[in-house]
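Full structure from sequences and hints, please.
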Amino acid sequence: MKPAMRILAASLAIAAALSACGGDDRAPATDARPAASDDTGGSAKGDFGPPQGQPVEAVLTSPPNVPPPTGRTAPAKVIVSLNVVEKEMPISEGVTYTFWTFGGTVPGSFIRVRQGDTVEFHLRNMPDSKMPHNIDLHGVTGPGGGAASSFTAPGHVSRFRFKALNDGLYVYHCATAPVGMHVANGMYGLILVEPPEGMPKVDREYYVMQGDFYTTGKYREKGHQGFDMEKAIDEHPTYVLFNGMEGALTGDKALTAKTGEHVRLYVGNGGPNLVSSFHVIGEIFDKVWYEGGTRYQENVQTTLIPSGGAAMMEFHMEVPGSYVLVDHSIFRAFNKGALAILKADGPEDKTIYSGKEVDAVYLGDQAAGTNRAPVAVAAAAHKAGTLTREDQIAAGKVLFAGTCSTCHQPDGKGMAGVFPPLAGSDFIKANPKRVPEIILHGLVGPVKVNGKDYNSNMPPMSQLTDDEVANIATYVLNSWGNPGGQVSREDAAKARANKPANASEGH
Amino acid sequence: MRRLAALLLCALPLAGLAAGGYVRLPGGAFRSALKYEDQKTVRVAPFELMDAPVTNAQFLAFVQANPRWRRGNAPTVFAEARYLQHWAGPRTLGPDALPRQPVVNVSWFAADAYCKAQGARLPDWNEWEYAAAADELRKDARKDPVWRERILAWYSRPSTSALPRVGLQAANAYGVRDIHGLVWEWTEDYSALLVDADNRKQGDADKARFCGAGALSMDDRENYAVLMRVAMLSSLQGADVTPNMGFRCARDAR
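Residue numbers (the working numbering), protein chains in the order written: chain A, 1 to 507; chain B, 1 to 254.
Keep in mind that the hints are not guaranteed to be accurate.
[Said to hold, decoys possible] Mimicking DSBU-like on lysine-lysine, the simulated pairs with C-alpha atoms at most 35 Å apart in a straight line are: (1) B:Lys-143 <-> A:Lys-231; (2) A:Lys-87 <-> B:Lys-139; (3) A:Lys-87 <-> A:Lys-231; (4) B:Lys-143 <-> A:Lys-218; (5) B:Lys-40 <-> A:Lys-231; (6) A:Lys-218 <-> B:Lys-139; (7) A:Lys-494 <-> A:Lys-448; (8) B:Lys-35 <-> A:Lys-231; (9) A:Lys-87 <-> B:Lys-143; (10) B:Lys-35 <-> A:Lys-87; (11) A:Lys-201 <-> A:Lys-343; (12) A:Lys-218 <-> A:Lys-253; (13) A:Lys-222 <-> A:Lys-343; (14) A:Lys-231 <-> B:Lys-139; (15) A:Lys-222 <-> B:Lys-143.
[Claimed, not checked] Stretch-level coverage of chain B by chain A, calculated; a stretch enters the list once three of its residues show a Cβ under 8 Å from a Cβ in chain A: (16) 147-156; (17) 222-233; (18) 238-249.
It is worth saying that the hints were derived from the structure and are not from the lab. Note that beta-carbon positions come from the ideal geometry of N, C-alpha and C, so glycine has one too.
Okay, structure coming up:
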């Protein structure tokens, strides 16, 4: 080994030693878990003996709430009573759907028990239900996960028992034929089996579950929508949602947190079909108990949650603002509803995140590769005294692409709320002479264009020659339904000398 | 096809008049959506089926004539406590049980007794499935996705609102009405629909429990309507009642 390499290796060893000493709060050691090389022993080590003390009635919560920690140190008999309710609820604004639910919500009630607990499960199917239902809990050790033992006709109640031998976060769902339809109608939820020592303490816990929905009508088509079996079999969902309704976790119903808090999410995916690429925009998961299991990965951007699977994730809030929970298969977020908001309140910390500091126009390299021949043609024609409006329009088009289209867009439509449109612009129509003036002096402050308010800062484009300004202005006036006309080099020179009140000072 | 439609149009008013009447179904080889291990198709003998489910008025006449089937009289092993619970009294229909609504909250035993009192019987599953495969024009419409959609529409409505009266829907190609979209219906052999309570195990059923040919599984897994009927029937005991389970009677062709 060369001396230099040896030094590098030595410093790496020191770094490793340092992180091992300094990382107490992050090391798995605090979880009272065996060292990483050992395993938990699984179900074979999960039986802590018969239940002790009086039976306990489980606290069930509706999403996005999570029941408090069990706080128990010995195995108990836990009674879970879950109602199956078929009910019409909104799936989006002005759109209703008949959901089949565990506990009257989608996803169903959150169940929290401790490893080693004996769970006595009562599944009650409401008398006015149309369908029989059952429950398969992935946290059950036994054939069908409880499905056969809990098959319940309308107006009946079934009871079965299981011992929660494995800790972790598990999906439960209905498994009555046609299984896919029962799941697609919202029959799923989560059961957390805490490890014996409980979950590490955090400031807030939330319950979020993704599901895909198949309606006979299109996305956001108003009225009552039925289940579309063909779309479900083809796996073409109309909606992909968190907590069963578009907007279930946005606006007033957004999840909340404060800066400085540790937040844990319990996230499940009911399916029936899609796998979720779960991501929180603007946060990095400090820890992800991937697949809802025993171990965690640290520093994760996006975690995969399979259909019929779950994950727990934790993060520390540093910066206030809105954080968007999405399925990063991103069309699902913006075109099918898979979007939720976590709103963090607290003081800004500009050292971690500044917010926007500069908003400047970046011109690129004047549309590299554009064929600039029309510009030369116009220049020559001008010299020869034969310049036509058409020459100017052709030249202006090339110049526009290089100078103006970055903001006003190649089609002149601008960007709603940011860059005003030039296409069919009532602002231009009202005073076509403004065009060369604005090009040369920019525009600052509020303007109303086609009924929309804009308040931006367009820098002066005084680097353009009078010829170029005349050609661009002529092109704009003769395009996209604008009133037409022609701007000459002399007009441009006049405009250059005539600085209006709302000119930009540039940046 | 057009002639068939014309014939149907003529037949419709007649069928409407003969509420509670029977229509004749020719039967024959029928491919069930259920998978039988020993045969590809089932043989349905010619039979007659009521053109609409039994109504509250019809069932009231039955309990008037047969006091032991009145609510309160029927033994609980044959009809659970909720038997005819929506009736105002043992011999009074009341506001929640209009005469022309299909009778519900009836147990299998009560339905069986009703049919026997008419000199008829409950249809068996094959007969019911055979009659239910038809739409207004075709005797087997099961492959038509639009028709399937129509059937599923019923399942996508909650059953909390009042039931419509019988006979509101157009008759199917056999002249049978309301076989979809109104109520579940008992079949004579419902308890022989040996579906595992966890029917995801298709084909790997609990052989010890279902001796002989083993449990049924689905041959046509896209036929959600049949899947759901079977699931519903297999969840019930003979004395059970539900607010949307009714029945109609059948008899051998004369």
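Between Lys-35 (chain B) and Lys-231 (chain A), is the straight-line Cα distance small enough, at 35 Å or below? holds, 25 Å
For a C-alpha distance cap of 35 Å, please report whether Lys-218 (chain A) and Lys-253 (chain A) respect it. With a Cα-Cα distance of about 25 Å, the restraint between Lys-218 (chain A) and Lys-253 (chain A) holds, given a limit of 35 Å.
Does the alpha-carbon distance linking Lys-143 (chain B) and Lys-231 (chain A) stay inside the 35 Å limit? holds, 16 Å
Within 8 Å of chain A (C-beta), three or more residues of the segment 147-156 of chain B: holds (count 6)
Assess, step by step, whether the Cα of Lys-231 (chain A) is no farther than 35 Å from the Cα of Lys-139 (chain B), and give holds or violated. holds, 26 Å
Given coverage of the segment 222-233 of chain B by chain A, checked by CB-CB distance under 8 Å (3 or more): holds (count 7)
Distance restraint between Lys-222 (chain A) and Lys-343 (chain A), which requires alpha-carbon spacing of 35 Å or less: holds, 29 Å
What's the verdict on Lys-87 (chain A) and Lys-139 (chain B), does the C-alpha distance respect the 35 Å limit or exceed it? holds, 34 Å
Check the hint pairing Lys-222 (chain A) with Lys-143 (chain B) against an upper bound of 35 Å on the C-alpha distance. Since the Cα atoms of Lys-222 (chain A) and Lys-143 (chain B) sit roughly 29 Å apart, the hinted pair holds (cutoff 35 Å).
Hint consistency between Lys-494 (chain A) and Lys-448 (chain A) [alpha-carbon to alpha-carbon, up to 35 Å]: holds, 26 Å
Checking one constraint from the list: CA of Lys-40 (chain B) to CA of Lys-231 (chain A), max 35 Å. Satisfied? holds, 29 Å
Lys-143 (chain B) and Lys-218 (chain A): Cα distance at most 35 Å? OK: Lys-143 (chain B) and Lys-218 (chain A) at ~23 Å, within 35 Å.
Violation of the numbered hints given earlier is absent; every hint is satisfied by the structure.
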